[in-house]
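Asker: Sequences are here, hints too, so could you generate the full structure?
Chains as they are written, first to last, in my numbering: chain U, 1 to 98; chain S, 99 to 196; chain G, 197 to 319; chain E, 320 to 442; chain D, 443 to 561; chain F, 562 to 680.
Take the hints with a grain of salt, since some may be wrong.
[Stated by the list, open to error] Capping the alpha-carbon separation at 27 Å, the derived lysine-lysine pairs in BS3-like fashion look like this:
{"hint": "1", "chain 1": "F", "residue 1": "LYS627", "chain 2": "U", "residue 2": "LYS55"}
{"hint": "2", "chain 1": "E", "residue 1": "LYS373", "chain 2": "U", "residue 2": "LYS46"}
{"hint": "3", "chain 1": "E", "residue 1": "LYS431", "chain 2": "E", "residue 2": "LYS327"}
{"hint": "4", "chain 1": "E", "residue 1": "LYS378", "chain 2": "F", "residue 2": "LYS627"}
{"hint": "5", "chain 1": "U", "residue 1": "LYS92", "chain 2": "F", "residue 2": "LYS627"}
{"hint": "6", "chain 1": "E", "residue 1": "LYS383", "chain 2": "F", "residue 2": "LYS563"}
{"hint": "7", "chain 1": "D", "residue 1": "LYS508", "chain 2": "G", "residue 2": "LYS260"}
{"hint": "8", "chain 1": "U", "residue 1": "LYS39", "chain 2": "E", "residue 2": "LYS383"}
{"hint": "9", "chain 1": "G", "residue 1": "LYS204", "chain 2": "F", "residue 2": "LYS563"}
{"hint": "10", "chain 1": "U", "residue 1": "LYS92", "chain 2": "G", "residue 2": "LYS255"}
{"hint": "11", "chain 1": "F", "residue 1": "LYS591", "chain 2": "E", "residue 2": "LYS327"}
{"hint": "12", "chain 1": "U", "residue 1": "LYS55", "chain 2": "G", "residue 2": "LYS204"}
{"hint": "13", "chain 1": "F", "residue 1": "LYS563", "chain 2": "U", "residue 2": "LYS92"}
{"hint": "14", "chain 1": "G", "residue 1": "LYS308", "chain 2": "U", "residue 2": "LYS55"}
{"hint": "15", "chain 1": "E", "residue 1": "LYS431", "chain 2": "S", "residue 2": "LYS153"}
{"hint": "16", "chain 1": "S", "residue 1": "LYS190", "chain 2": "E", "residue 2": "LYS383"}
{"hint": "17", "chain 1": "E", "residue 1": "LYS383", "chain 2": "F", "residue 2": "LYS586"}
{"hint": "18", "chain 1": "E", "residue 1": "LYS378", "chain 2": "S", "residue 2": "LYS190"}
{"hint": "19", "chain 1": "G", "residue 1": "LYS260", "chain 2": "G", "residue 2": "LYS276"}
{"hint": "20", "chain 1": "G", "residue 1": "LYS308", "chain 2": "F", "residue 2": "LYS586"}
{"hint": "21", "chain 1": "G", "residue 1": "LYS250", "chain 2": "S", "residue 2": "LYS144"}
{"hint": "22", "chain 1": "S", "residue 1": "LYS153", "chain 2": "D", "residue 2": "LYS444"}
{"hint": "23", "chain 1": "S", "residue 1": "LYS153", "chain 2": "D", "residue 2": "LYS514"}
{"hint": "24", "chain 1": "G", "residue 1": "LYS255", "chain 2": "D", "residue 2": "LYS508"}
{"hint": "25", "chain 1": "U", "residue 1": "LYS46", "chain 2": "G", "residue 2": "LYS249"}
{"hint": "26", "chain 1": "S", "residue 1": "LYS190", "chain 2": "D", "residue 2": "LYS472"}
{"hint": "27", "chain 1": "U", "residue 1": "LYS39", "chain 2": "E", "residue 2": "LYS373"}
{"hint": "28", "chain 1": "U", "residue 1": "LYS46", "chain 2": "F", "residue 2": "LYS591"}
{"hint": "29", "chain 1": "S", "residue 1": "LYS137", "chain 2": "G", "residue 2": "LYS260"}
{"hint": "30", "chain 1": "S", "residue 1": "LYS137", "chain 2": "G", "residue 2": "LYS204"}
{"hint": "31", "chain 1": "S", "residue 1": "LYS190", "chain 2": "E", "residue 2": "LYS399"}
{"hint": "32", "chain 1": "D", "residue 1": "LYS444", "chain 2": "E", "residue 2": "LYS326"}
{"hint": "33", "chain 1": "E", "residue 1": "LYS326", "chain 2": "S", "residue 2": "LYS190"}
{"hint": "34", "chain 1": "E", "residue 1": "LYS431", "chain 2": "S", "residue 2": "LYS144"}
{"hint": "35", "chain 1": "U", "residue 1": "LYS46", "chain 2": "S", "residue 2": "LYS144"}
{"hint": "36", "chain 1": "E", "residue 1": "LYS378", "chain 2": "U", "residue 2": "LYS39"}
[What the hints assert, rightly or not] Here are a few chain D residues that sit away from chain S, every Cβ distance over 12 Å (derived from the structure):
{"hint": "37", "residue": "SER448"}
{"hint": "38", "residue": "ALA536"}
{"hint": "39", "residue": "GLY542"}
Calculated from the structure, these hints are not laboratory results.
Computed from a prediction, not measured in an experiment: that's the story for all the values here.
Glycine is no exception: its CB is placed at the ideal position from the N, C-alpha and C atoms.
One letter stands for each residue in the lines below.
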Amino acid sequence: MLHIVNKSSLERNTLDSCLRVANGGAILLIEDAVYAATKGNEAEAKLRDALARFKIYVLGPDLDARGMGDRIMEGVSTVDYGGFVDLVAEHKNCQSWL
Amino acid sequence: MLHIVNKSSLERNTLDSCLRVANGGAILLIEDAVYAATKGNEAEAKLRDALARFKIYVLGPDLDARGMGDRIMEGVSTVDYGGFVDLVAEHKNCQSWL
Amino acid sequence: MSEGAIKKFMFVNRKAPYGTIYALESLEVVLITAAFDQDVSLVFMDDGVFQLKKGQQTKGIENKNFSPTYRALDGYDIEKLYVEAEALAARGLTEDDLLVDVTVMSRAELGKLMDEMDVVLSF
Amino acid sequence: MSEGAIKKFMFVNRKAPYGTIYALESLEVVLITAAFDQDVSLVFMDDGVFQLKKGQQTKGIENKNFSPTYRALDGYDIEKLYVEAEALAARGLTEDDLLVDVTVMSRAELGKLMDEMDVVLSF
Amino acid sequence: MKFAVSINEGPYQHQASDSAYLFCKAALEKGHEIRRVFFYNDGVNNASSLTEPPQDDRNIVARWSKLAEEHKLDLVVCVAAALRRGIRDENLAAGFRISGLGQLVEAGIEADRLVTFGD
Amino acid sequence: MKFAVSINEGPYQHQASDSAYLFCKAALEKGHEIRRVFFYNDGVNNASSLTEPPQDDRNIVARWSKLAEEHKLDLVVCVAAALRRGIRDENLAAGFRISGLGQLVEAGIEADRLVTFGD
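Answerer: Rendered as C-alpha cells:
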C-alpha cells in the first residue's frame, strides 16, 4: 500500500499517524511533508527508523521549490510527478493522510 | 497579552508553540482547541503546568458542541462569546496562533 | 455502470467535528457509497474519535448537530465501524462515551485492515 | 485617516511556503503596512523559518517563486526580521541558509517582544 | 471599545467565519463598536451572493449581510484575494464591499483591538 | 491504468489543486486514463469562471479547463458542496460539470486507483 503524506511533521500529526498505524509498504512525502526527509530536521531519526519498515520517497519538485533539494537524507528516494504516478500504479491501493 | 488557540493540540503544534514562546498572560482555547482542557486528554498535564504561568480559559459553546462540557479540567475557566469579547478588551493586545 | 462490482471502501476519519467540515462531508460520502451497495468500513482514529462522542449540543455555536446521523448508519446496513484503541485512551474516552456500537481495534489491526481495502478516503 | 498614529505591528510567520498561501499573503500585508508608515516587525518561527531558505526553485511545481521579495523588504525600510533560534536548530538550518540578514532570538526574547506589540497578525 | 476583525477562511469548511460572527454579535450586544470586518485569503468566499446552503443549515453569508444591515457594519473583501478566487461585484452579497488590503492595516491602526479568525 | 482524482481544497490557498493537476498531467503523459476528477468540499472553488489571478501567477482554473479540453477529462463538481459555496452553472468555468456525490463513488468503483488531494 502507498501512503501519501503532505504536511510537515513538525506542524501536524499526519506523518506520525501514518507511521503509527500503517503496516509497511511505501510512503511518499509531497508538499510540506518533504521537509521530514531532510538532514538535520527533527523528524530525521524517526524517518531513519521507518526505513526499516517502509520504502520512503520524496517528491523532488516539492523539495526543489523549498530550496531543500541538496539536503535529502540517505535511504530516501526522490521521484518526479511521473514517479508519483508510477508509485500509485505499482501499489494495490493508496491513502492520502489528510 | 491574550493568546487565542483554535486547533487540537493532538493534531497541530499551535498550542505547543504558544506555550513555548508566549511570555505569560492569558490563553483562550476555542474551536477544536477546547479538547486540550478536558480531563484525560494527553495535553492535560501540559495544561496543568501552564496554569502556573497563564490564566487559561475555554470557550463554553465550543466545549458543549463537542459534548465535552462536563469534562473540563480543574483550574480552567469557561467563558461564553461575551466573555471572549471581555478577554480581548481586558488585555492590551491579542494573538491568534494560526 | 458499476456492473455489480463490489469494492471495499474505507473512510478514515481523523478530525474533530465542527472545527472543520470534513467529518460531516465524510458522512455524506459514506451514505452514498452504501447506496451503491459497496462494502463500507469507517475508521475513527486520532481526533476523529471525537466525532462519535455522546452529548453534542451545538446550539451555542449556531451550527447543526449532525451526530445523530451516526446512529442512523445501522439503518443503511453500515455496520463496520472501527475505532483506534490508542486514540480513545489518549483522549480520555472509553467505549461508553460513544454514540454507537463500534469495534475497538489496536493500531496494528487497523493497519492490516487498511491494506485489504480497494479504496481509502481520508477526511 | 490614521492621524499620524504609529502602531507596532508584528507579523508572525509560522508556516512553510508553497504548501499554503499564507506566507505569500503575509508578505503582501507587510508591504502595505510599511506603506502606512507603521512600525513593522516580522517574526519567523516553527516552519515559518523555511520561508527564508535560500535556493527556492519553483519551476517544477509551476508556481511563482516569491522568495526574492524578502530581499526587497530592506528597500521598504522593513528591517526588523526576527527568527526563532530553536526553530532553526530543529530544522537543521543556520543563519547562512537564509536569504536575508535576520536577528536570531531565543523563544523567551520573542515572547517578550510580542508582548510589546499593538497588533499581532499570525499567518 | 473599537474592535476590528479579520477572517482568513471561507464559509463551512472551517469554523473561522462562524466564530468571528458570534464574536461580533457578542461584542455589539455589549455595546462595543465593530470598526470593520476584513475578509482575506479564502475568507473572501464568505461574500459570495450565490451560496445556497441546505435548508436545515445556517446561511453564513446571509447572516453576515443581516448583521451588517442591522449594525451598519463595514464588511470589506480584499480585492486581490477576491480576484484570485472569483469574487467580484457581480456575485458580491449585500452589505459587502471590495477594497484594498490597506483597509485591513487601517482597521488595525484605528481599532483598539484586531482579532483574527482562521485555520 | 484508469485513475480517478479527488480534490478537497480550493485554488491558491492550499497546494492540493496544483499537486493534483501536475499528477494528472504526468499520468496522461504516461498514457494512463484519468477516469474523472472530482471536486469536493472547498475543491468546488476550482471551478469558478470568475477567478482572475495576477498576471505573473498561474491560472489554476484555466489550466484545468485547458487540460479537460485537450484530454476530454470529466471534471465533476459536487452539487451540494457547490451550492454551499456559491458555485453554480452561471459561474462555472469551461470543462466542468455539476453533479452528485455518486459520481465520486462511481469513480472509485470504476477506476483502478483513486488519489485524493487535500489539506
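Asker: If a hint holds in the structure, say so; if it does not, say that too.
Answerer: Status of each hint after checking the structure:
Of the pairs offered as hints, the one joining F:LYS627 and U:LYS55 is violated, with about 35 Å between alpha carbons and a cut-off of 27 Å exceeded. With a C-alpha separation of about 26 Å, the suggested pairing of E:LYS373 with U:LYS46 holds against the 27 Å cut-off. For a cut-off of 27 Å, the pair hint linking E:LYS431 to E:LYS327 stands: about 14 Å separates their Cα positions. Only pairs whose Cα atoms come within 27 Å are accepted, and E:LYS378 paired with F:LYS627 is accepted, the gap being roughly 19 Å.
Restraint check for U:LYS92 and F:LYS627: the C-alpha separation of about 31 Å exceeds 27 Å, so the hint is violated. Note on E:LYS383 and F:LYS563: the hinted pairing is violated, with a Cα-Cα distance of about 31 Å set against a maximum of 27 Å. For a cut-off of 27 Å, the pair hint linking D:LYS508 to G:LYS260 stands: about 20 Å separates their Cα positions. Straight-line distance between C-alpha atoms of U:LYS39 and E:LYS383 comes to about 26 Å, which keeps the hinted pair within the 27 Å bound.
Proximity of G:LYS204 to F:LYS563 is assessed by CA-CA distance (about 17 Å); at most 27 Å being required, the pair is judged to hold. As the CA atoms of U:LYS92 and G:LYS255 are separated by approximately 44 Å, the hinted pair breaks the 27 Å bound. Distance hint between F:LYS591 and E:LYS327 is unfulfilled; the C-alpha atoms sit about 54 Å from each other, more than 27 Å. Straight-line distance between C-alpha atoms of U:LYS55 and G:LYS204 comes to about 25 Å, which keeps the hinted pair within the 27 Å bound.
Between F:LYS563 and U:LYS92 the CA atoms are separated by roughly 13 Å; this keeps the pair inside 27 Å, and the hint holds. Of the pairs offered as hints, the one joining G:LYS308 and U:LYS55 holds, with about 17 Å between alpha carbons and a cut-off of 27 Å not exceeded. At roughly 17 Å between alpha-carbon atoms, E:LYS431 and S:LYS153 fall within 27 Å of each other, so this suggested pair holds. The hinted pair formed by S:LYS190 and E:LYS383 fails the criterion: a straight-line CA distance of about 38 Å is larger than 27 Å.
The straight-line distance between the Cα atoms of E:LYS383 and F:LYS586 is roughly 19 Å, inside the 27 Å bound, and the hint therefore holds. Between the alpha carbons of E:LYS378 and S:LYS190 the distance comes to roughly 44 Å, so the proposed pair goes past 27 Å and is violated. Of the pairs offered as hints, the one joining G:LYS260 and G:LYS276 holds, with about 25 Å between alpha carbons and a cut-off of 27 Å not exceeded. At most 27 Å may separate the alpha-carbon atoms for a hinted pair to count; G:LYS308 and F:LYS586 exceed this at roughly 32 Å.
Restraint check for G:LYS250 and S:LYS144: satisfied, since their Cα atoms lie roughly 26 Å apart, inside the 27 Å limit. For the proposed pair S:LYS153 and D:LYS444, the alpha carbon gap of about 24 Å is at most 27 Å, so the pair holds. Taken as a hint, the S:LYS153 and D:LYS514 pair is broken in the structure, with Cα atoms around 35 Å apart against an allowance of 27 Å. About 19 Å separates the Cα atoms of G:LYS255 and D:LYS508, which keeps this hinted pair within 27 Å; it holds.
Simply put, U:LYS46 and G:LYS249 have alpha-carbon atoms about 32 Å apart, too far for the 27 Å limit, and the pair is violated. Distance check on the hinted pair: S:LYS190 and D:LYS472 sit about 18 Å apart at the alpha-carbon level, within 27 Å; holds. For the suggested pair U:LYS39 and E:LYS373, the alpha carbons sit about 16 Å apart, so the restraint of at most 27 Å is met. At roughly 34 Å between alpha-carbon atoms, U:LYS46 and F:LYS591 are farther apart than 27 Å, so this suggested pair is violated.
For the suggested pair S:LYS137 and G:LYS260, the alpha carbons sit about 26 Å apart, so the restraint of at most 27 Å is met. At most 27 Å may separate the alpha-carbon atoms for a hinted pair to count; S:LYS137 and G:LYS204 exceed this at roughly 37 Å. Between S:LYS190 and E:LYS399 the CA atoms are separated by roughly 22 Å; this keeps the pair inside 27 Å, and the hint holds. Under the criterion of a C-alpha separation no larger than 27 Å, the hint pairing D:LYS444 with E:LYS326 is consistent with the structure, at around 15 Å.
This hinted pair checks out: E:LYS326 and S:LYS190 have alpha carbons roughly 13 Å apart, not beyond 27 Å. About 21 Å separates the Cα atoms of E:LYS431 and S:LYS144, which keeps this hinted pair within 27 Å; it holds. Proximity of U:LYS46 to S:LYS144 is assessed by CA-CA distance (about 23 Å); at most 27 Å being required, the pair is judged to hold. A threshold of 27 Å between alpha carbons decides the hint, and for E:LYS378 with U:LYS39 the separation of about 23 Å falls inside it, so the pair holds.
Remark: the non-interface label on D:SER448 conflicts with the geometry, its nearest Cβ contact in chain S lying 9 Å away (cut-off 12 Å). Listed as outside the interface, D:ALA536 is consistent with that label: its C-beta sits roughly 24 Å from the nearest C-beta of chain S, beyond the 12 Å cut-off. The beta carbon of D:GLY542 sits about 22 Å from the closest Cβ of chain S, which is more than 12 Å, so the claim that it is off the interface holds.
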